[in-house]
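Asker: Next come the chains, spelled out residue by residue.
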Amino acid sequence: MKLLLIGMNHRTAPLDLRERLAVDDAAPVLRKLVADAEVDEAVLLSTCNRVELVVLTREIEAARIRVRSTFRRDLAVDGLGPVEQDLESCLYEYQNGDAMRHVLRVASSLDSMVVGEPQILGQAKDAYRAAVECGAAGPILGRLFQHAFATAKRVRSETRIAERPVSVARVAVDLAAQIFESFAEKRALLVGAGEMIELALKALRGAGLEAIAVANRTAERAARLAVQFGATAHGLDELPALLADADVVLTSIGGHEPWLTRAVAERALLARRHRPMFVIDIGVPRNADPAIDALGDVYRYDLDDLAAIANENAEERRREQARAELIVEAEQQRFDGWFAALRAVPTIRQLRARVETIRAGEVEKVLPRLALDDAARDAVEALTRAIVNKILHAPLSRLREEAEREEGIAHLETTRLLFALDAPDAEGFDDPGGEDSERA
Amino acid sequence: MVLALEYLTAALYLLASLTAGAGFTVARPVMLRAAVAVLAAGAVAHGAMFTLLHSAEPTPPLTHLPSALSFMAWVGTVAFLLLAWRARLAGLVALVAPMSCLGVAAAVFSTPATTALPGHAAGAGSLPHAHVLLASAGLALLGLAGLAGLSFLVEHRRLKKKRPIVGGAGWPSLEALDRAGAFAVAAGFPLLTLGVITGSLWQRATSGAYFSGNPHETFCLLAWAVYGVLASVRFGARQPAVRCALTSIAGFAFLGIAVLGVELFA
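Taken in sequence, the protein lines are chains A and B.
Read left to right, the first sequence gives residues 1 to 440 (this note's numbering).
Read left to right, the second sequence gives residues 1001 to 1266 (this note's numbering).
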């Protein structure tokens, strides 16, 4: 059994190509794949940043060709168009231990665009569930993915890889949580309606902030955002009144002079009876005068401040990544041991069958001559089975252990040779035992 | 049994302090929460100790300073636990637990916990007991307000300087610290006021006058008046949170010096 992983991600393939290969429903692709003889099990992970196929196969070369053709024909349902020639150069391929490590790294978010982001684990779980539901994932890939999920959990609990936010929007939300106990009763004022404002709005909504007002020069754009996020739309002339109510102010509008001056902020603070105000200024040039920092109840962070925190957090994540990689390495070795031990399964199964055949044959020869009643026959059956099991127990356990090591393969080969497990029939092996029994 | 519970309380508070300190240093919120749980276990043992103490006949009035400090530690701990149950305040355990530990340690390392009734309290009925309980509870809550104020100022300064958070996500928000401080003052000052009144009644029962002019009474009354002014300013008109935090710290510092300082150096 071999593991094979072929895929592409944000580092190897342009968005244009990834978009064409992304699939919403993996089931048809997976069913078609496992219907072929060369693929025993398969899981397809398709996200905005990666498309990967993990398969279990006995014929690695045939599976490679099959999986690559799946990328070319089955995933790109509308055709690859002009990017088809780029496909081969964008695909990476891992086998066995490397494939295991990759799956573990992906689930642990070590291979993500933003290292430590939590979504990938959920996406990996969804991909595995889809494969199970359509019958494409069996016990071995099942074990691999469960191990990957457990590894991801370990990485998350034993390192701080996901603790600190690294996007400007998430940093802003994190800072707001250091000022306010909860967002449930807080009001936000968003000044502007650009892309950054929209991103921050999504992050604030996600954090539980519900009362949001959007003010913009162009009322239509403010209205569009307001409708999209269930906020209220306002013109800039309403700013002083809105400011008095706003606990979080997020501003990003054009203009050479800051609109949030110290005098404006002081008036707002008086009106709001000195309740604290968190000002996130992501405008360039700045929308809030740095002089408002002198006001005790105003906490102002501009784009540089947020970016500095985000960079520091990203640096912290990189430091934690080294620790996470060690966990992944250890977990990969554990899984590798289990996977390697599977090599011993056919030998053990054949050896058991061979010995059982001998035992049953010998018992069958002897019992008619002994003229035993049923109870005595059962006792003889049980006795011979117990002897066989006791004799086989130690060597079979040892075989399983040895199979986990690459050097242990030789023991499997020796066992097969000694017990003639690769012989076309059992006669030559049984006869000597039979003669011995006869003599006895 | 009382002594055993007192030692157990001290050990649990110490464990909570160490766990909180470690959790704060390595920025692990889960350790801060564990410290809160250990502190709660300590508070239960501490409460059991006072229950046993108060079932004694006659009930010791805790007029002995270390016993009063131990009681203050218990009230402060229970108040903190109640606040932490309602708000995201687990990080404050890094300050509360050592204070509670010190309060109990004062009683552990002093003369027996079951303090004998001092001679000057004889004939005053339950007034000495009521005075110590009310004043200690008030002081404990105002001490908690001071700790919340101190934490608020440190956190406020960090946010203003745009420095990264220390102690991880378990550290309380500014709003939670401000609310905890306000609650502690709102509950603590009336208790302290009742403590002053019962103290005055106790004085009258023993000497015939409400006010004898000794240093303890003089400084306590002065400290109460100062704190009264600060509390009325805080609640009278909405003040900036920074000023509220400063008044909590200044008020408690003054109370501490006036009440405990005079008591210690008398």
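To be clear, the hints were calculated from the coordinates, so they are not data collected in a lab.
A few of these clues could be false.
Taking lysine to any residue pairs in the SDA-like style, the calculated list, with each CA pair at most 25 angstroms apart, reads [claimed, not checked]:
hint : chain 1 : residue 1 : chain 2 : residue 2
1    : B       : 1161      : A       : 275
2    : A       : 365       : A       : 342
3    : A       : 2         : A       : 384
4    : B       : 1160      : A       : 264
5    : B       : 1160      : A       : 2
6    : B       : 1162      : A       : 284
7    : A       : 32        : A       : 11
8    : A       : 153       : B       : 1025
9    : B       : 1161      : A       : 307
10   : B       : 1160      : A       : 32
11   : A       : 125       : A       : 143
12   : B       : 1160      : A       : 207
13   : A       : 125       : A       : 307
14   : B       : 1161      : A       : 342
15   : B       : 1160      : A       : 240
16   : B       : 1161      : A       : 61
17   : B       : 1161      : A       : 365
18   : B       : 1161      : A       : 267
19   : B       : 1162      : A       : 143
Partner residues aside, some chain B positions facing chain A, computed with beta carbon under 10 angstroms [as the list claims (entries may be wrong)]:
hint : residue
20   : 1027
21   : 1028
22   : 1030
23   : 1033
24   : 1087
25   : 1098
26   : 1102
27   : 1156
28   : 1159
29   : 1160
30   : 1162
31   : 1164
32   : 1175
33   : 1179
34   : 1204
It should be emphasised that the depicted structure is a prediction, and the values quoted were computed from it without experimental measurement.
Glycine included, every Cβ here is placed at the ideal spot set by N, Cα and C.
Asker: Grab the minimum C-beta distance from residue 1175 of chain B to chain A and call the hint holds if it beats 10 angstroms, violated otherwise.
Answerer: 4 angstroms, holds
Asker: Was the hint right that residue 1204 of chain B lines chain A, CB cutoff 10 angstroms?
Answerer: 43 angstroms, violated
Asker: What's the verdict on residue 1162 of chain B and residue 143 of chain A, does the C-alpha distance respect the 25 angstroms limit or exceed it?
Answerer: With Cα atoms ~46 angstroms apart, residue 1162 of chain B and residue 143 of chain A exceed 25 angstroms; violated.
Asker: Hinted pair, alpha-carbon criterion (25 angstroms max): residue 365 of chain A, residue 342 of chain A. Please report holds or violated.
Answerer: Answer violated: residue 365 of chain A to residue 342 of chain A is near 35 angstroms, above 25 angstroms.
Asker: Is residue 125 of chain A close enough to residue 307 of chain A, meaning Cα to Cα at most 25 angstroms?
Answerer: 32 angstroms, violated
Asker: Straight-line Cα separation of residue 2 of chain A and residue 384 of chain A no greater than 25 angstroms?
Answerer: At roughly 38 angstroms apart (the allowed maximum being 25 angstroms), residue 384 of chain A and residue 2 of chain A break the hint.
Asker: Let's test the interface hint: is any C-beta of chain A closer than 10 angstroms to that of residue 1098 of chain B?
Answerer: 23 angstroms, violated
Asker: Does residue 1164 of chain B hold up as a contact with chain A if the rule is Cβ-Cβ below 10 angstroms?
Answerer: 6 angstroms, holds
Asker: Does residue 1027 of chain B pass the interface hint, meaning its C-beta sits closer than 10 angstroms to a C-beta of chain A?
Answerer: At 8 angstroms from the nearest chain A Cβ, residue 1027 of chain B passes the 10 angstroms test, so the hint holds.
Asker: Under the criterion that the straight-line Cα-Cα distance not exceed 25 angstroms, is the pair residue 1161 of chain B, residue 307 of chain A satisfied?
Answerer: Given pair residue 1161 of chain B, residue 307 of chain A holds - Cα atoms ~15 angstroms apart, limit 25 angstroms.
Asker: Assess, step by step, whether the Cα of residue 153 of chain A is no farther than 25 angstroms from the Cα of residue 1025 of chain B, and give holds or violated.
Answerer: 23 angstroms, holds
Asker: Are the Cα atoms of residue 1160 of chain B and residue 207 of chain A separated by 25 angstroms or less?
Answerer: 23 angstroms, holds
The structure shown violates the earlier hints numbered 2, 3, 5, 7, 10, 13, 14, 16, 17, 19, 23, 25, 26 and 34.
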